[in-house]
Amino acid sequence: MTLGGDARTRRSSNLARSDLRLIADLIEPGSRVLDIGCGEGILLEYLVREKAVVGRGMELSQEGVNASVARGLSVVQGDADTALSYYPDQAFDVVVLSKTLQATRDPRAVLRQLVRIGNNAIVSFPNFGYWRIRLELLLRGRMPMTPSLPAPWYETENIHLCTLRDFVALCEQEQIRVERAFTVRDDGSPRPISSLGLANLFGHDGVFLLRRS
Amino acid sequence: MATDTSSKSPEIRRALPGHRLLIGKEAPLQLDCGATLAPAVLAYQTYGELNADKSNAILVFHALTGDQFAAEDHPVTGRPGWWEVMIGPGRPLDTRRYFIICINVPGGCMGSTGPKEINPETGKPWGLDFPVVTIGDMVRAQIRVLDHLGIDKIFCAIGGSMGGMQALEMASRHPERLHSVIAVATAGHHSAQNIAFHEIGRQAIMADPDWRGGRYLEENAVPRRGLAVARMTAHVTYLSEPALHRKFGRRLQDRRALSYGFDADFQVESYLRYQGASFVERFDANSYLYITRAMDYFDLAADHDGVLAKAFTHSPARFCIVSFTSDWLFPTSEAKRLVLALNAAAADVSFVEIESDKGHDAFLLNEPEFHATLHGFLNGTAERLGLPTGDLTPIDLGDRDPGKERIS
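One line per chain: the protein sequences are A and B, in this order. Heads up: the first sequence begins at 1 in my numbering, then just goes up one per residue. Heads up: the second sequence begins at 1 in my numbering, then just goes up one per residue.
Honestly, the hints are just simulated from the structure, not real lab data. Be careful, since some hints might not be right.
Which stretches of chain A does chain B cover? Using the computed rule of at least three CB atoms under 8 Å from a CB of chain B, they are [what the hints assert, rightly or not]:
| # | region |
| --- | --- |
| 1 | 56 to 66 |
| 2 | 69 to 77 |
| 3 | 84 to 91 |
Quick list of simulated restraints, FRET-style, between CB atoms [as the list claims (entries may be wrong)]:
| # | chain 1 | residue 1 | chain 2 | residue 2 | range |
| --- | --- | --- | --- | --- | --- |
| 4 | B | Arg337 | A | Asp25 | 35 to 43 Å |
| 5 | B | Leu244 | A | Lys51 | 43 to 51 Å |
| 6 | A | Arg112 | B | Gln30 | 41 to 49 Å |
| 7 | B | Ile195 | A | Gln90 | 33 to 41 Å |
Which bits of chain B does chain A cover? Going by a derived footprint, with three or more residues having C-beta under 8 Å, they are [said to hold, decoys possible]:
| # | region |
| --- | --- |
| 8 | 351 to 361 |
| 9 | 368 to 378 |
All C-beta atoms, glycine included, are put in the ideal place defined by N, C-alpha and C.
Go ahead and model the full structure; you've got the sequences and the hints to work with.
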């Protein structure tokens, strides 16, 4: 597993990615936060500096880890599929998994770990139900490639893509409560999800605040 | 070949520069083996200035054959200090901002009490009558120096290899005495393979007729051949095949053809012979036995019901664990065990693996990514504690670059 889709854009500027801004807004100042798949630590650094969180990170790529530690952040090299089981229950107030779930080998197991080690979990992922993706598959008959999902099917790291509906169904099945849910639309603005059907069609990303029931 | 220090070294060593802490009989060192040690001496060096509230101290733990002369020309060998690339103005351990302390371990041979010093009970060198010391004993002894300096809590404990073991031991046993820990190229225990290599070294020393059952100093002998073989074996474990290949390959030493004999035909042989020969001029054979033994005995988990995480429960310190890709003596897998244990203890841990083909020795060498990482970690910690931060100065070592070979 590695960082999903467009994670590399995190390097560019301070929370340029709209889902990261939204995630940052969902986190209370002073919380204990674990950012899984933290890349080079852009979100984590923002949270530590602006929200005084007690921040930890986990990242698969060694380059990302080294860059994060060189920023003064506490980050370990690790794989969300295997390393999370070592953390104690409720070790964190919030566990963040942004644009990474779809790249894990066992998303359901990872999801269970998230709500075990965090009182809350924030999960963001690209919505495979987004209308452009549906249209591309329908009209061209080829695996969709979008700015969110730029790699061709044979070399994508995103091996477990899902739609917003799929994700909500998995949460129900796992008895994980969705506290708050947002989509990010074409203009980059986050909107609370009121109609799952519309969100599933027009949102290219989903951001969910979760809690175990 | 090695510069000849053998004739002058006894005088030089008696007059070794630096600080001494004398431990008197009123408060002896309590050792894990049950014995006590007093009177005893701890020799140490410091670099930089201790600030007014004594909050900027970094304790540097040396490795097996290192000593307290970490960042200055060595008084015996005349060579640069073993961690000059790490300690100094504009270096990760910046002497403009931090007060660096480095202490010769008990059992060592650079001024601290060890098997070559005189046993006050007998008036003769200790030899094998010296009690076996552990990593725990080393740390307890060094904390006495902190007490002496009036330092309640150090900013950072840092070390590589055996130095890393001491840093972890201090974090586990004395968490109230430190803010952060950097453990480099090390492990939570000494592996069977590492014990095996140490045993080869010890057997080589003890098989040398000049070892004289450990009483060579009384009999004016030095087990040079045994200690040199021990060093040669150990030295190979500090390198990697790519590093050896790059440095020597199968190139021949000062000759065009094989000699069909047992001279040092190959450059690698000549290099190892040189390493062995120069080592015996600065290191005591019995100290080598004692310090390797201390490393063998190290097992943090065993002291905590076999659960490594328990060694770090409720530790408030920031940890930074570092490994190197080509280090097969203390491989990344060992570092990862430490990291998982620290995660399980909900400790504040960073872990980096540095790409290097220089093997275990990489921790002593000029590795810019390694240094940048430590600099970031220390700056981040300094920021949290309200201490000044600073920038790294790019290293231009010129002919002092230790990239060619290890110093310690």
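Give me the numbers of the hints this structure contradicts, sorted from smallest to largest.
none
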